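Q: Each chain is listed here by its residues.
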Amino acid sequence: MQDILDKFNLITRDAYTWLPGYKEEKGLKIFGCLPMYVPEEIIHAAGALPVILQEGNEPITTGHSKIQSFFCGIARSIVDLSLKGKLDFVDALVSPEIDLPINGIANVLRINMSIPSLTIYQPTTCSKEASQVFLSKEIKRFKSSVEECTGQEITEARLKESIKIYNRNRALLRELYDLRRVKAGLLSSIQISSVVMAGMLMLKEEHNQLLETLIVKLKTREATSKSKFRIVLSGSLCQAPVADLLHLIEEAGAVIVDDDIYTGTRYFAGDVGTEGDPFEAIVKRQLTMPVPCPTRVDEAGDWGDYLINTVKNSGAKGVIHMVVKYCQPHEMYYPYLVKRLASAGIPSLKLEIEHEVSSLASVKTRIQAFVETLK
Amino acid sequence: MTAGSYVNRINTTREVKPVIAGWYEELRTAHADGKFLAWSYGPVPFEIFRAMDIRFEHLESYGAYLAARAGQEKLKQLSESDGYSNDICSYARLVRGVAMLNERGDKSSVPGVLLVESPDFVVAFRQCPLMATVYDYQKRLFNVPGFCIDTIPAHSEAEFQENLLYIRRQLEELIVFLEDLTKTKFDLDRLKQIMAYVKEAAIVRNRVLDLCKSSPAPMSVFDHFISLGPAHSQRGKKESVEYWKRLETEVKQRVDNGIGAIKNEKFRLYWHNLPIWFKVGRLSEVLARHGAVLVAASYTHELFYSHEPEKIDPEDPLTSIAAEEAWQSWLAADSLRTTEQVQKEIEDYSIDGMIMCSHRTCQPADICEYDIIDIIGRRLGIPGIVIDADPTDPAFYSDAQTETRLQAFIETLEAHKKRAAAS
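Chains as they are written, first to last, in the numbering used here: chain A, 1 to 375; chain B, 1001 to 1423.
Chain B on its own, in the form it takes in the complex (with noise of 0.2 Å):
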C-alpha cells in the first residue's frame, strides 16, 4: 500500500501494463509482420480470429487504452471537426481519430499513443446496436470488406436457445469469410486448443470472484477491471490461464490472511455498467477514504464467460462461442433478466449498496438503471444511486459532482447499517 493511500492493491494485476503495451505494439506492425489486421466493435469471437493468426484491434478495449491516455482529448476533436457530434459514443470517436490521423499519415501529433493501422477488413457483434453502426460507416468509410454478426435481443429461455442457433450458423458464414479473405484454410483443432484455454482461464477467473465473497474482500472491482486486459488480450492463450493462476494464488493468500483490498472495509458495493476508464484509480481512492470496497460489478461478474464456463465445450467451440454471446445478447436486451442478474449478485457478495453508472455516450446499460434500483430496493431493501459519467469522455464526468453524491450516497449507507442494527 503506498503512503496515504487507502487501497491495498493487488500485485499480479502490475503485470498488465507490459501485456498490453505488447499488444498493441503488435497491432502497429501488423502489416509489417505480414499479418491481416481487422478492427473489431461488440464482443466478435476473438478466438476464432485467433485460430487463424489474424491480429485484431477491439473497439472497446482500444476505446478504454485510449481513455487513459493524454492524447484521447485531441483524437476526440479530430473526430468532431469531421462532423462527429460529441453525443456520439465516445469509443467510436476515439477510433474515429485514429482513423483520420491515419488517413493524413500523421503518426506524431498524439504523442504516448500507440496508433494502430487502418484495417484489412472489420467485424462486429451487434449485441450493443451502435455497434453495428459503428461497424458499417467505418465500413463504408475504409472501404474494406467487412461482416456483422447479428444476435436477438432475447426475452426468454426459448430465445435465448433460438439466439444461440442463430448465431452458430453465423458463426459458419464468418469462417467462410475470413477463409476466402486470408486465403487461409480455417483450423478446427487449433480452435478446439484454443478453447480449452478459454475454458480452464473462465473457471479459475471464476475462483477468483468467488474468493472475493469473503470480507474483507481481497480483491475490489477496480482490480478486476485492470484484469480485463489479459482477458481480452490473452483470450485463448496459455497464458492467460498461467495470469488468473497467478492472481489466484494471490487472492487467496490474503483470504489466508484476512488482507482486504482497503483498509477498514465498512461497506460492500455493486457497480453496474461498464467502468469510467479515466477514473479508475481516482474512484477506488475516493471510495476507500470512506470504507467502502466494490466487490462485485455487472460489466466483470456476468460477461467474459463467467456464465457457467464448466459447460464450454471445446470439442465443439462454435456452440461454446454462440452460447457466451447469446447470454451476453439476453442480459444487455431484458432488464428483468439483468434485474435478476443483479440480485444474484447482490445476494452472493453480501453487497450493501449498488452504484449504477449512468453512461452519456454508451447506452446499453443505462436502460432501466432507475428501475433496477426501485425493484431491487423492494426486494432486499439496499439502496442504489445513480452517478452521471462515460466510459471515456471527461467532458460528461465531474469529479466534485459525483464524489459529493457519493459521500451523501455513503452517508445513507450508514445510517441504513444504524437501524439495521437497532432493530
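Same shape as in the complex, but just chain A (with noise of 0.2 Å):
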C-alpha cells in the first residue's frame, strides 16, 4: 500500500517535472486542461491524455510581466510556468472559460504560447432550456476541435468506453471517501489530496489500478484518529488546498471527514449517464453537476444547503472554509455561507490560500483555537 501512496506522492509533489517522463514513455498527446468542469472524457476517447494544470511549486517571477499580482495564485502560477517554458510538453490548451482569471490565463497563453488552444464553454445557467440547446452543440463542436487536432475519429463507441473508465474512477474516488468518513484518519488529508490530484495528471485507466488495489488494502484497516473534532473542508476552488495547512489542521487534533473541494468531491461526484447518446450524457452531467458552484448560477441547487447536508452525512462538527486569495466567486459567497452555516449551528472558520508561501504561525493558532471551539 505504502509503495502505492508514495507513487502518487511522486508525481503529485513536482508534477511538471514528471509529466515530461510519463508522456514519452506512453507516446500521448497531453492537453493541458485548465481547471474546473473539463469533459476529460471526449479527450481520453480521442486517444490523448487530458491532465488538469495546477500551480507550480517555484516562486513566480517572470509571470508578474504578463498577469496583475491581484490575480489567484493559480493564474499567475500557469502563467509563470508557461513563460517559462514548463509547460511545453503541452500540445493544446483547453479553457473551460468558467470564471475571469481562468479565461484570463486562456488569453495570455494564446497569446504567448505556439499551441492550439481549444475552449470549452459550459452554460452558467443550468436550467434554462436555452442553455441545454446551447451546450448540445457546443460539445459536438469541442469534440470537432479535439479531432481536428489529435486526428482521430472520436465515435460513440470510442467515448462510452471512455466514460466507463471515468465513471469508474469517480465511483472509485467516492468509495474512498465512504471509506474515510467511516474510518476516520485512516489516511492524512495529504495523501488523500494526492490520491486525488494524481488521477487529474495520468491516464485513469492506470489510476483506477492503483486506485482498486489501495482500496482493497485500506478496507483491512482501522481508524487511525479517535478525534472528535471532525471537519468538512469547504472551497478550494480551482486549485489544491496549501498542504501545510492540512497538516496544522490535523496537528491541533482536528480530522478532515469530508470536502466539496475541486481537487476533491467536486472534481469526482457525478457520473455521465451510460445509455443513449453519449455527448447528450455528457451535456447532462455539466448541467446537472451535484455540488452547487459559485461559477454557475444554479437554480436547482444552493452550496448552503450543500453544505450542511455534508456536514450531517459525515457526523462533522464544523467547516473549514480554505478560500483562495482573488477569488472572488468564492469570497463573494462566503458571508452567505457563515450566515447559512450558523442558522444551521456549525461553525465555521476561514482560511485564505495563496500561493507564496505565509506565516503559518497565527493561522495555527486560529485553527488551534477553532478546534477548542468544537469541544
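These are calculated hints, taken from the structure and not from any lab test.
One should not assume that every hint holds.
In silico SDA-like links for lysine to any residue, alpha-carbon gap of 25 Å or less [to be verified]:
#  : chain 1 : residue 1 : chain 2 : residue 2
1  : B       : 1074      : A       : 336
2  : A       : 86        : B       : 1374
3  : A       : 339       : B       : 1084
4  : A       : 86        : A       : 117
5  : A       : 325       : B       : 1140
6  : A       : 164       : A       : 86
7  : A       : 350       : B       : 1077
8  : A       : 137       : B       : 1331
9  : A       : 137       : B       : 1160
10 : A       : 137       : B       : 1140
11 : A       : 284       : B       : 1172
12 : A       : 284       : B       : 1177
The structure displayed is predicted, hence computed values, not measured ones.
Starting from the two chains in their separate frames, assemble the complex, guided by the hints.
A: Below is the structure:
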C-alpha cells in the first residue's frame, strides 16, 4: 500500500517535472486543461491524455510581466510556468472559460504559447432550455476541435468506453471518501489530496488499477483517528489546498472527514449516463453537477444546503473554508455560507490560501482556537 | 473655463447631474409609485425593462454614482462588517452596503446618498462572470426571483453569431419570466419604438465620437464618461436623442471654431478600461496641465451600441439587443479581438499613447493589458503605461503615485515626438 501512496506522492509533489517523462513513456498527446469542469472523456476518447493544470511549486517571477499580482495564485503560476517553458510538453490548451482568471490565463497563453487553444464553454445558467440547446452544440464543436488536434475520430463507441473508465474512476474515489467518513484518519488529508490529484495527471485506467489495490488494502485497516473534532473542508476552487494547512488542522487534533473542494468531491461527484447518446449524457452531467458552484448560476441547488447536508452526513462538527486569495466567486458567497451554517448551528473558520508562502504561526493559533470551540 | 483650469469643459454635460438625480429619485420611490423594481447586474437589456415599465437599478451605474459621493466609505465598511473581503468587486460591496441599510431600515446614516429600495426581482447579464455571482448570491440573500442571461466568451465571428442566437433565445425566456412576474403583457410595439430611439441616439452619438477625431479634440473622454449617465438612464427615450443632438451642436461649433477640450493640446491619449469614477475631475486637470487629452477609450467608444448602430433593426428589436450584447461579450472575452479594436481607435483618433488602467477589484479588462501594450508597441510604435486603480474604491488608488507615473509617461511621449521629428 505504501508503494502506491509513494507513487501518488512522487507524481503530485512536482507534477511538471514528472509529466514530460510520463508523456514520453506513454507516447500520448497531452491536453493541458484549465480547471474546472472540462469533459475530459472526450479528449480521452481521442487517444490523448487530459491533464488538469495546477499551480507549480516555484515562486512567480517572469509571470509578473504578463498578469497582475491581484489575480489568484493558480492563474499567476500557470502563466509564469508557461513563460518559463515549463509547459512545453503540453500539445494543446483547453479552457473551460468558467470565470475571469481562467479566461485571463487562456488569453495570456493564447498570445504567448504557440499551441492550439481549445475552448469548451459551459453555460452558467443550468436550468434554461436555451442553455441545454447551446451546450449540446458546444459539446459537438469541442469534439470536432479535439478530433482536429489529434487526427483521431471520436466515435460513440470510443466515447462510451472512455465514459466507462471515467465513471469507474469517480466511483472508486467516492468509495475512498466513503471509507474516510467511516474510518476517520485512515489516510492523512495530504495523502487523500495526492490520491485525487494524481488522477488528474495520469491515465485514468492506470489510476483505477492503483486505486482498486489501495482500497482493498485500506478496507482491512482500522480508523487511526479517535478525534471527535470532525471537520468538513469547503471551497478551494480550482486549486488544491496548501498541504501545510492540512497538516496544521490535523496537528491541532481535528480530522477532515469530507470536503467539497475541487481536488476532492467537486471533481468526482456525479457520473455520466451510460445509456443513449454519450454526448447528450455529458451535457446532462455538465448541467446537473451535484456540488453547487459559485461560478455557475445553479437554480436547482444551493451551496449552503449542500454544505449543511455534507456536515450532517459525515458526522462533522465544523467547517473550514479554504478560500483562495483573490477568488472572487468564493469570497462573494462566503458571508452567505457562514450565515447558512450559523443558522444550522455549525461553526466555521475561514483560511486564505495563497501561492506565496505565508506565515503559518498565526494560522496555527487560529486553527487551534477553532478546534477548541468544537469541544 | 474656470480660472486656473486647463480644461475647457463641455456645457451640455452639465445637464447630466439633474437627470441622474431624477433617475435615482424614481428608483427610491418605485414602490410608493406602484412600480416593480429590479436590481440588475452587467449590461442587461434595459430596453425590455423600459418597454414593460419596470424601474431598474443597475449595479455598475449605481456603483459609479455612489463612488462619487462621500457616503461610499460607510457602505463598504458595512459590507466588510458582513464578511466581505475588500478583494471583492467594489461595485458589489457598495450595493451590499445599500442592501444592509435597507434590511436595517436605516435611511439616515449615509447622508447625501439616494438609497435605492430593495428589489422585487434581480436580473443579470453574465458578460463579466462575477456579475452572475453577485446576482446569484444577492438573489439568495434577498430571497427574490431572478433571471440571469448567459453569454459565450466568443473568440471568433462564428462564435459571435452562435452567441447572438443563444442570447436572443434567452431574451425570449426573459420576457416570459417578466410577464409571469409582473402579470403584464409584453408590448412588442413599445419595444420597437424604444429601439428606434436607441438607434437614433447611437447614430448621433457616433457622429459626436467622430467629431473628436479633429485636432484639437473638441471633447475629451472625461466628458464622454459623464455623458454615459444619459446613455444608461435615458436609453431608448426621446430625451436621449435630444441630449446627443444638443451635444453634437456644441461639439460641432467647437470644431468649426478650433476650440479644444483642453488648453494647448500636445498629446492625444487612449484610455483602456473603466473610468476611476472618483477621480474623473482631478485626472482630467492633471493630464490637461501636461497638454494631454484623452480622445478615445474602450468603455466609451466600443460599447453602448457604438458598433454599427446603423444595423439596428427596430422591427426586430430582440436580435438587435442580442447583437449588441454578443459584441460586448466578444470584446470582453477575447484579448486578441480587443487588441484589434484598440489599434483601430489609435489609428482613427491619431493617438500618441495608451493609458491602461489596471482595476484592482474589477478585472475583466485588466486581462492582457501588458500584452496589448507589447503588441501595439511593436505594430505602431505607440507607447503605453499601466496605472493601478479601482473603479470605485479609493483604497486602491494613490494620487501621488499615479500622477508621478503619468508625468514620467508624458516625458516619454515628448521624447518620442522629438525622435519622430528628428528622423
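Q: Run every hint past the structure and note whether it holds.
A: Cross-check of the supplied hints:
{"no.": "1", "hint": "B:1074 / A:336", "verdict": "21 Å, holds"}
{"no.": "2", "hint": "A:86 / B:1374", "verdict": "22 Å, holds"}
{"no.": "3", "hint": "A:339 / B:1084", "verdict": "12 Å, holds"}
{"no.": "4", "hint": "A:86 / A:117", "verdict": "17 Å, holds"}
{"no.": "5", "hint": "A:325 / B:1140", "verdict": "24 Å, holds"}
{"no.": "6", "hint": "A:164 / A:86", "verdict": "32 Å, violated"}
{"no.": "7", "hint": "A:350 / B:1077", "verdict": "19 Å, holds"}
{"no.": "8", "hint": "A:137 / B:1331", "verdict": "22 Å, holds"}
{"no.": "9", "hint": "A:137 / B:1160", "verdict": "14 Å, holds"}
{"no.": "10", "hint": "A:137 / B:1140", "verdict": "31 Å, violated"}
{"no.": "11", "hint": "A:284 / B:1172", "verdict": "23 Å, holds"}
{"no.": "12", "hint": "A:284 / B:1177", "verdict": "24 Å, holds"}
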